[in-house]
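A.B. asks: Next come the chains, spelled out residue by residue.
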Amino acid sequence: KAGVTQTPRYLIKTRGQQVTLSCSPISGHRSVSWYQQTPGQGLQFLFEYFSETQRNKGNFPGRFSGRQFSNSRSEMNVSTLELGDSALYLCASSLASGGYGYTFGSGTRLTVV
Amino acid sequence: QQQVKQSPQSLIVQKGGIPIINCAYENTAFDYFPWYQQFPGKGPALLIAIRPDVSEKKEGRFTISFNKSAKQFSLHIMDSQPGDSATYFCAASKETSGSRLTFGEGTQLTVNP
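Quick mapping for you: the protein sequence lines, in order, are chains V and R.
Remember, our numbering sits 469 above the position in the first sequence when you count from 1.
Remember, our numbering sits 1308 above the position in the second sequence when you count from 1.
These aren't lab readings, by the way, just hints derived from the structure by calculation.
Any given hint could be a false lead.
Residues on chain V that point at chain R, a partial pick, calculated with CB under 10 Å [as the list claims (entries may be wrong)]:
(1) G472
(2) F516
(3) R524
(4) F573
(5) R578
Across the chosen pairs, the derived CB separations fall in these ranges [as the list claims (entries may be wrong)]:
(6) R/P1360 - V/N528: 22 to 32 Å
(7) R/D1361 - V/L552: 43 to 53 Å
(8) V/G527 - R/D1361: 25 to 35 Å
(9) R/A1337 - V/Q523: 31 to 41 Å
(10) R/P1390 - V/V582: 27 to 37 Å
(11) R/N1330 - V/G509: 36 to 46 Å
(12) V/G527 - R/H1384: 36 to 46 Å
(13) R/N1330 - V/A565: 25 to 35 Å
(14) R/S1315 - V/N528: 17 to 27 Å
(15) V/F538 - R/P1348: 30 to 40 Å
Every residue gets a Cβ at the ideal spot worked out from N, C-alpha and C, and that includes glycine.
Here chain V stands alone, though its shape is the one from the complex:
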């Protein structure tokens, strides 16, 4: 079966712009979580959505937001981009909420210039 699909794979944006990243989970998976990966901070939890409801949120500023649609697809949005937002953004899906049995996508590499 198809894995977790993230689009786009690469993005270059300018400081101050906003960006929207997309994640299509594995069919039947209702939980989608987002993580930011950087060399300095490692893998940091952004938020989790389950059945269109945000179940948990990490310690990121309000510029980072997300949503989940009725088909479980999820988007995350970052407004007013800063240089420090340059990172690999990873989406993971699972059957149940709570971090168990995550399958990660290949990520979106965001570069802010």
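Assemble the complex: chain V is given as a structure, and chain R must be docked to it using the hints.
C.D. replies: Below, chain R alone, put in the same frame as chain V:
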């Protein structure tokens, strides 16, 4: 209390060697401990996971050892191969709705031929 400490940061072994990666956690509420393998340009992939009621779990060449009293767990890779060269992450979570995975800092493993 949410931290997971991973060591070493990098590890080089010869083919056939047994690399060992260690992790320590603080939060005694954690009850799910997975290991992930990540290749360049890919998202982390679940390798093996353990729960605290088990002291050891093997899947193929990968073994997790778990010491609940010391709050430590480790990954052993038997008969390591050059194809095992990747970054390995330990993680921990409390398996309840809305929980998140807390990741270690990662270990870059190189297996020389």
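A.B. asks: Against this structure, judge whether each hint is valid.
C.D. replies: Okay, the hints, checked on the actual structure:
1. The interface hint given for V/G472 holds, since its Cβ lies 9 Å from the closest Cβ of chain R, which is under the 10 Å cut-off.
2. Nearest Cβ of chain R to the Cβ of V/F516: about 9 Å, under the 10 Å cut. The hint holds.
3. At about 4 Å, the closest approach between the beta carbon of V/R524 and any beta carbon in chain R falls short of 10 Å, and the interface hint on this residue holds.
4. Interface hint status for V/F573: upheld, as the beta-carbon distance to the closest one in chain R is roughly 3 Å, under 10 Å.
5. A cut of 10 Å between beta carbons decides the hint on V/R578: the least distance to chain R is about 9 Å, and the hint holds.
6. At about 26 Å, the CB distance of R/P1360 to V/N528 agrees with the hint of 22 to 32 Å.
7. The hint said 43 to 53 Å for the Cβ distance between R/D1361 and V/L552, and at roughly 46 Å that hint holds.
8. Here the CB-CB span from V/G527 to R/D1361 is close to 28 Å, well matched to the stated 25 to 35 Å.
9. Distance hint check: the CB atoms of R/A1337 and V/Q523 are about 22 Å apart, inconsistent with the given range 31 to 41 Å.
10. For R/P1390 paired with V/V582, a C-beta distance near 36 Å keeps the hint of 27 to 37 Å intact.
11. Between R/N1330 and V/G509 the beta carbons are some 22 Å apart, a value that contradicts the proposed interval 36 to 46 Å.
12. Evaluation of the 36 to 46 Å hint for V/G527 and R/H1384 yields a failure: the beta carbon distance comes to about 31 Å.
13. Against the hinted window of 25 to 35 Å, the Cβ-Cβ separation of R/N1330 and V/A565 comes to about 29 Å, which satisfies the hint.
14. A hinted range of 17 to 27 Å holds for the C-beta pair R/S1315 and V/N528, which are about 24 Å apart.
15. Separation of V/F538 from R/P1348 is about 31 Å and conforms to the stated range, judged on CB atoms against 30 to 40 Å.
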